Amino acid sequence: MPSSDELSLRLAEIRLQHHRGSLVFSFLHACRFRIETARLLAETTTGADLIASIDNAEINESYGISGSTLFRCVFKSKVTQHDLDDLDKRLTELAQTDIFNDQIAFLILSSVPDELRNSLYRRVDRPTQGHIIVPIAQEALERQTSPLDALRDVLDIWLYRRDLFAHTSPVVGSRFFGRENILATLRNAIAYSKPCGIFGLRKVGKTSLLQECERRTRGMGDLVAYVDLLRLPADVGDARWLYWRIANLLHAEVGNRAQLKFDWRLGGRYEDYLDLPPELPVATAFDSDLSGLLRRIVTSKLNPKPKVVLLLDEIERLLPTGLGKEGGIRGFFEFFSYLRGIAQETVHFAVVVTGANPSLVEVPQFGLRDNPVFNFFEEVYLQLLNPEETSGMIRRLGKGMGMTFGDDGCHRIHRLTGGHPYFVRAFCSYLAKQRRERPIHISSGDVDMVVDAYLENGGKDFREIAARLERDYPEELAVCVELAHAAAPISIKNEDGRVMWSQGSVKHLIGYQLVRIDDGMARLTMELFGRWIQHWHGVEQ
Amino acid sequence: MIDQPCVGRDLVVRELLERAAQLKCVLLYGGRQAGKTTLLRNVERVSVAAARGAVAFADAEVAVYVDLMGLPYDAEPSDFYRLLVLRTGAVLARVEEPRGPREKPRLRYDVEAFVAAVAGMLEAHPQLKRITFLLDEGSRVLGSRFPRAFQDNLFGILYGGDRSPASDSLAFVFSGAQELLRFCEDSTSPLGSRAGEIVLRNLDRESVRELVYGRCPELDREVGLEVTSYIFSESGGHAGLASRMADAASAVAHNTSQSGLVEAVKRTSHGRLFDHWVLRLSGGARAVADKVVAGTEGGWSRRRIARTVRAAGLDPFLGMLVWNELQYVGVCTLQEDGEVLVPVNQLFWRHYQSVAVDIASEGSSDLETETWALIRKVEVAMRALVVREFTKRWGAGAHSRMRRILGEDAWGKIEGIRLKAAAKYGGSPQYRRTLMDCMYLGQLGTLLESNQSWQLFRGWLGDKSVMQRWVREISVVRNDLAHFVLDLPEKELRRCHIACDDLLVILQQALGEDETVGLR
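So the protein sequences, as listed, match chains A and B.
Going from the first sequence to the working numbering is simple: count from 1 and add 497.
Going from the second sequence to the working numbering is simple: count from 1 and add 13.
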């Protein structure tokens, strides 16, 4: 049956099944939504799902509703927790497709009881609590005069409460912005099995990038083992846990792929780390598993052949030096020597790590032992967002909250934050709290009006940067203070034509992207940081 | 601890829960007796009541108060996780009976087992979406007490994103004072960098009035206003001070005149408490405090604080911390739309004025010196309390009872020391040590914890094992310091410092102000 006929048939079923189904159809039509798919739920009397995208620039601009959006029409009179769980599950499934708008779904029902309303409000206020579900009562659908106004009324109440900028966890999928160049670099490194190290400032988005890389790599059919090393239990002092974890992840990745199946010695055998027999030679068992898997890949008829991709987040956790913590873990040298060996031996294995400090690969020795990963990783510095990426992120998130940003506003925020994604979000979140009227258009003037208050109330993060610099890089802090006091770009050379600061300081400040040098003129990358220094250094502006 | 009514904190409670839900981690800054514990216990009470009523949708949140002082002195992360699991079980049982069999707590928990245990408990209570742990005395899991990787693990489960199943169902609130800044120090995964900060400030006048009438409901309007006015102006609205003063009023409210009532409040003494405040003030805060008592007038803007801190030879960026510290210690309050701080709490400032000379003459006290001074205070306070309680209970037979508890050998040595001491000071023949002066700290601890005497002290000291741990931690350092051992490990000094702090607060409460004056 042609798909258009199939859709018509399904819609007819929904309209005939329940009066509310018919109302939803008319409502979507009147609001100029294009219905893409429709189906009755498994229990046909409980409701139906319609996926539709809107062809209305104003709704799109004002509320950020774009892409395919789910409308669940509930036929029965009462919505329970079970219904919400089912809706969450469906949204999670749909979110796997890039075009689907997983930030919001609509629930159409007879009326919205207070208890349900409060529960859904909490989702809006606390973004981690589940998908945003906007309820529409039947009464709104029946307003014959203007369905679009009814939709606007509902969206005003529900969406303008949100703070989409306030997000503390890593973002992936549709919430991940920009970084296409660096993702391409990573994809290339994986394709050519080049070990890669991503380095960058704290909160600059390393984990988000690695998780997005994981999502895309897995999407291409590779076998990915992502290990968040922060989860290495505090009382684990050696690498056994790592071998066990990676083997289990790879075992799970292979799953039901028949061509890659073999008898694992470590992976999948011990669900709990504490179940590992003390006498088990874990590294040897791991080698047996990894070698077995790589052999299967080589001999399989899969085309293209999948790669085994190991992603290690927060590599500092393992380091056996002052760069790491408490001497790292025993077996670090052997673990990385082994990885190096495997990477040099086969083209079907790739490893990517993230860390705040590239010294990991720059130091030839740790103590008296050769650093096994010296010059092993290709260093990739995670750059701050460029102006276009910053604007894109601000505008996309702002849209969903009834905030639009003019070019000048975006540009101003980029100058203030240098394009550091965390600070962009933190500042915009603060701005959203200060300017609660919706819809609202934000200009550079609006941005400037809240800068001082932001620095006074939200400067904790700059305090951390300053504290870190003071502890580890006092000379670099002095440079920052000098640049802040100058309040304008200054020449990096003194009257004798010599660079005023040590080579190491300049390298660190540029590497950490605190300072930019253009045509021999240096300035702080984040204007906010400069203003904060002025603010708290006791200097009158 | 008996739950105190929590007045004037509605906004803070709301902010705390909102920020915990949004940011998953909150650092609650409050000075001594600023009301942190009262606030947190109240949050737990309120959340349990709300969760009881939530049945329809699985989005209720419950807050679980955990006093980290309950951890053993040699606690490891496993003990921390276990304590949280046990407390959660107890709190959830107050919400409702779990659906399904209750899992028996394990003896050891690693981070994964902890996450699994919490997930299991949430599954047994389907109406709950999130557990917020309210961790009192956050310093207990900071510094050298726990490996740094412990913070990594917490960071991982809170901010691991989709791969952390507990990411959306857990939140942590750590309460404490200056020491919480250590959450921000680590270079890779500091919880503090993601956490929200809440500063527990003084109560406003209306809240103090509510506090006073809560304690003395029988006061007539005029007297109530006068008492409120006095307490507010003297304490600046500091929750602990105001509460103590209201208690003093309450104790005499039924049988004294209006002027007598105010006099009773005036007699409330807080010297020991203030000694602690002064001792704990950061260098930057002291720099500002010195200016305040030197008569520098006007409000304290952020820039003025930064300049003062810099003039004291400190990093001006510390000014931001000082700004907060002066508020949560309870000696300054915000004015002019939050633009400046002004000194309040006249009781404190008078005390500071009186000790400022001593502080200046001490110079910059290092950790060893501070710790030694604290040990001395603890030991003197323990002696005083033991003598008082033994005498109260056994009268003239107090020494005989001590002798029975400590044993003949120990008692013989104590008497021997006293006799030798008398001979040592030939130039001061009138000098006589008392038997108590000759006891070791460990012996004082034995006198407190003995089965024969514990009932005398149990009301103040609470958990015997905690008291034993404190004495152990103090004794080790005390002996080495007394023998001028060089280069004591800083972590041991800090451990001892904290134990002294904690024990001293209890001892001074037990002794009351009159008996602790001599300890300063």
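Since the hints were derived computationally from the structure, they do not count as laboratory data.
Certain hints may be false.
As the list claims (entries may be wrong) - Some residues of chain B that are not near chain A, with every Cβ distance over 10 Å (derived):
id, residue
1, L24
2, F159
3, N166
4, P203
5, S206
6, R257
7, H267
8, M333
9, E381
10, A434
11, D514
What the hints assert, rightly or not - Some, not all, of what chain A presents toward chain B, calculated at C-beta under 8 Å:
id, residue
12, R614
13, T901
14, G903
15, E967
Claimed, not checked - 30 Å max Cα-Cα, derived BS3-like pairs, lysine-lysine:
id, chain 1, residue 1, chain 2, residue 2
16, B, K477, A, K957
17, B, K117, B, K477
18, B, K304, A, K957
19, A, K586, A, K691
20, A, K575, A, K586
21, A, K990, A, K1004
Computed from a predicted model, the values in this text were never measured in an experiment.
We treat Cβ as the ideally placed atom computed from N, Cα and C, and that holds for glycine.
task = Determine whether the non-interface label on F159 (chain B) survives the test: each CB of chain A must be over 10 Å from its CB.
result = 7 Å, violated
- Task: Decide, holds or violated, for the assertion that all CB atoms of chain A are farther than 10 Å from the CB of E381 (chain B).
- Result: It holds; E381 (chain B) is separated from chain A by about 23 Å at its closest Cβ, greater than 10 Å.
- Run the C-beta distances from N166 (chain B) to all of chain A and say if the shortest one exceeds 10 Å. 5 Å, violated
Straight-line Cα separation of K117 (chain B) and K477 (chain B) no greater than 30 Å?
Answer holds: K117 (chain B) to K477 (chain B) is near 26 Å, not above 30 Å.
According to the definition I'm using, a residue is off the interface if its beta carbon is farther than 10 Å from all beta carbons of the partner; does L24 (chain B) meet that for chain A?
Holds: least Cβ distance 15 Å, greater than 10 Å.
* Outside-interface status for A434 (chain B) - nearest CB in chain A farther than 10 Å -> Per Cβ check, A434 (chain B) is outside 10 Å of chain A; nearest 47 Å; holds.
Next on the checklist: Tell me if the interface restraint on G903 (chain A) is satisfied: Cβ within less than 8 Å of some Cβ in chain B.
Outcome noted: 28 Å, violated
* **K586 (chain A) paired with K691 (chain A) [C-alpha distance capped at 30 Å]** => Violated, because 37 Å separates the two Cα atoms, which is more than 30 Å.
(request) Take a quick look at H267 (chain B) and tell me if its Cβ sits farther than 10 Å from every Cβ on chain A, holds or violated. (result) 45 Å, holds
**Prompt:** Does the CB of T901 (chain A) sit less than 8 Å away from some CB of chain B?
**Reply:** Since the shortest Cβ distance to chain B is 24 Å, the answer is violated.
query: Once the closest CB in chain A is found, is it more than 10 Å from R257 (chain B)?
result: At roughly 32 Å from the nearest Cβ of chain A, R257 (chain B) sits farther out than 10 Å, so the non-interface label holds.
Problem set entry | M333 (chain B) non-interfacial with respect to chain A [C-beta, more than 10 Å] | Its Cβ does come within 10 Å of chain A, the nearest being 5 Å, so this is violated.
Consistency with the previously given hints fails for numbers 2, 3, 4, 5, 8, 12, 13, 14, 16, 19, ordered from lowest to highest.
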